[in-house]
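Peer 1: Chains B and C: place on chain A using the hints.
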Amino acid sequence: MNTFALAPLLLILPFLGMLFNLFAGTRLVRQDAQTGERWSGWTASILVIINFVITVTLMSSLAANDYHAIIVPLWDWFAFIGEFHIPWAMQIDTLSVTMLGVVTGVGALIHIYAIGYMHGDEGFARFFAYLNLFIFFMIILVTGNNYLMLFVGWEGVGLCSFLLIGFWHDRKDGVGLANSRAARKAFIANRVGDAAMILAMIMTFWTFGTLEFQPVFDSAVEMFTSSQAVPLFGVSFELGVVLSTITVLFLIGATGKSAQIPLYIWLPDAMAGPTPVSALIHAATMVTSGIYLIVRSNVLFEIVRKSEYLLFGVISTNDLVALIGASTALWAGLIAFTQWDVKKVLAYSTVSQLGFMIAAVGMGAYVAGLFHLITHAIFKALLFMGSGSIIHGMEHGHHHYVDHHRGHNGHGEGHGHHDGHDDFDPQDMRTMGGLRHKMPWTFWTYIIGTLALAGIFPFAGFWSKDEILAHASWNLTALPDQWIYPVVYALLTLAAFCTAFYMGRQIKMVFFGEPRSDVVAYVPESDWKMVMPLVILAVGATLGGLINLPHFTEASYKASKDSYGESNIYLAMEKAVEHSIESFHLTETGVVSMPYTPTWVQMTVAVVSTILALIALLLAVFVVYRTKPEQATDPDPLQVSPLIKYPWAFFATLPLDTLLVKGFVEKLFNPFSDWIAMRVDWDFWHDFVHNNVIRDTFNTVADFLANILDPKGVDGVVTGLGKVTMRLSGLLGLVQSGNVGNYALGVFLGLVVLVTYVVALGWMQ
Amino acid sequence: MVVTVEWYVLLGAVLFTIGALGVLLRRNAIVIFMSVELMLNAVNLVFVAFAYHLGDINGQVLVFFVMTVSAAEVAVGLAIIVAIFQSKKSIDISELNTLKG
Amino acid sequence: MGSPILFIILAVVAIGSALGMLLSKNAVYSALFLILNFGTVAVFYMLLNAAFLAFVQVAVYAGAIMVLFLFVIMLLGAEESEQAIRQTGWQLYLSVGLAVILVTAVVGSFLTGYGRGEPLVGAAVTPQQLAISMFENYIFPFEVTSILLLVAVIGLFVMSKKIVKKG
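Protein chains in written order, with this note's numbering: chain A, 336 to 1100; chain B, 497 to 597; chain C, 17 to 183.
In short, the hints are calculated from the structure, not lab data.
Treat the hints loosely; a few may be bogus.
Distance condition first, Cα-Cα at most 27 Å in a straight line; then the derived DSS-like pairs of lysine-lysine [stated by the list, open to error]:
| # | chain 1 | residue 1 | chain 2 | residue 2 |
| --- | --- | --- | --- | --- |
| 1 | A | K641 | A | K910 |
| 2 | C | K177 | B | K585 |
| 3 | C | K177 | B | K584 |
Pulled out of the complex, with its shape left as it was, chain A reads as follows (with noise of 0.2 Å):
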């Protein structure tokens, strides 16, 4: 029996919790916070856990089925312009139901913890409606069986990421302001983004004459292998040339979802909405839609890279793919070293894991790229939550703090200058420290998460981090002319170095030593509506490396080839989602050539970047951040040469003390990761281009249209129309006196003038 009716409940049911919470919970709330919160939270979360479940027997029915894909068609959407038909329908392939077992897998567990989290908010209802309409609008994104459903869902998602980040648009004291900017900022970098996405979609069309996904990659396989050019604007073009383009615009629009360089400004800013909005959106599910795209279009990007065409001439799409998540990865890893808000850390670190991901699809291994997707959806939901735990907490110990301290001095002072909008940030790492004893159920979840994310062995990131890693070595040796495998190889190493640096940096700030501000000491423990999605996470971070399982050696590897097919733990997903990955079936023709995934674990690989992470780790925490920063007001160690206090500690032994302490660590790399984070990043590319010259620019333009081509211009035409009726009708006006004689007149007049006309013309004969 399959279940693949069940498929459009999918969309329907989060769009009645939308409509629910929008109508319904919204009066509930109002009239009773504590049922209608039940009533409002619950009703989206029950019906996001049935999309999960529906999404299991979606995926037994595909095992069932072969793994092959299922059409669901619900009806034509556009079938009346020209040769323009698009359907409605839902593609259910591998892909498409692991993208879904994220989306509602993680969505499910986020909105049980905001159940939690957002008790007490008066946006409640309104955000649950949010959530849920994200649900839906993400689920068309991975369902949709073309390029046109995929990009309402693009839309949607990115709507409905504007409206959660601003949702606390309404605060006082211009924190409102500053989180309808970060809002808007969100928005308006996403639509550069969209802008390529349209042109790649326009160009899709002119090329393929269809947007669904099958026809097009069907066709575009027809015309390169018959090397059929393509007629555009009245030029012939290689295919290779035409989808360079398509490809490379599908890239500025993952780049823009994905925060990639150059777009990824606005991931950080879009921390200021509430944090299961970053652990569900901008962390697990709606930035992950870039590498989705891209995945979902690997015949495309495949046919690329076996052309050869280079664009300008210097590099080719995936090439480019590649060499900017790997970048995005070093890049991002490195501004985290420098973020005191323990969000900002967390998104950095979700642009650097991105850039992992599309890394990793750039180099052609879609099944890495996918899998390290999931495994960080979880982990990287986990770290959100647990930080949005730690978050609430500080707030709630804050507020205890400052009952408390106004019970005992509150009658000598009058004044009451504890309102609760005082300066204390409780995400500021600063002011942490200790919190393990607080919160040890978020403490330990947390550490998992950390593991996960570091790459440590066997936690669910060290297989799918591992697994890029090893591609790129593969293909460093097996496709030696290919330069881009040791620069990605090199690079992603480094940033995994990075990423285990920062977070054990993090764990240093929040959970160990001393508690740096009073706060810490009235912190309490979430409650279990925020802890068990923790706990439910953090299996999922320690054991989500068994999905795709690789073997531990060539040998194995090669013994279960020969009895491919049968059900063993190795390489699950990947078995399944080869399904939906075309170019391997491509590759195996001699179509493409997909560069190799290694499916046995590589030693040199594993071992190196676990010990660079082990490193860091230790780094981090018993070298660097050993005792500093003791106040909340102290400079980050990494910033005043760590290690002049206890030069013995760790490489006081080594004769290289100075040159390492001082000469590189104090001179080059303090420097360097500051001038990277606050010049470079903050200075020049957040301030200087954005604000400079693109604002800048935008607003003379803007300014221009707005109070000179608009007012005198389009309004002088549109006014003047106006001024000249007017002075007409009002010459007109004259005439109804309301004379009545006048009127007849003027019928007489018109009597005459006939009569004339007749007798006059009777004369001429």
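Peer 2: Relative to the frame of chain A, chains B and C by itself:
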């Protein structure tokens, strides 16, 4: 000299013009109304003359209808004038300027 | 079509009575002049072999309608007006000018022979012929006319009700 249809047309034109002048120039709404009747009569006269001239009976039938309609028109029109007089206490047409735009 | 002398005499009476109607200050005189005019027109109808119409003209127009006029004039006490001619200035000149042009155009066309044809001798139309034509060819307009009259009657009832201001 024989009386031809042109004579009647000429007479009709003159009567019509006088009626028109009455409509255009007089103040009294009732006189204006009478002028309208004069104009109708002028046209009727021409109709009958042409009916005679062409030997066509339809002209006379048309005159009969004009008379019927003008009878109805007079009845309603005079009632309107009475109503106007009741509200305005005047039937001076130059005071009826509520149509002023 | 009658003798030219009879025509000219009748025409002079018709035009004179029309001018009298136009120029009388007293509305009652205007009405009486108009009755004379209608009577003259009735004679013209006789000359044109339209006896039925001539009688209807006298009975309906000169009789019923003009009595109604006189009745209303006297009911409203509107017979006297200080100034018969309402229009002044450009409206007066324009009206008279247009009137002159109209007459000139028609007279001009008459004098230049426009449309001049051989005078036909029309046959006398008896009331029977008229009735047959009316009830055979024009039965539908005839019935519509009856509806028109009915509407006029109802309209009169509505109009003659006193206007009651609400509130």
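Peer 1: Hint by hint, note whether the structure agrees.
Peer 2: Results of checking the hints against the structure:
1. A:K641 <-> A:K910: holds (24 Å)
2. C:K177 <-> B:K585: holds (17 Å)
3. C:K177 <-> B:K584: holds (16 Å)
Violation of the numbered hints given earlier is absent; every hint is satisfied by the structure.
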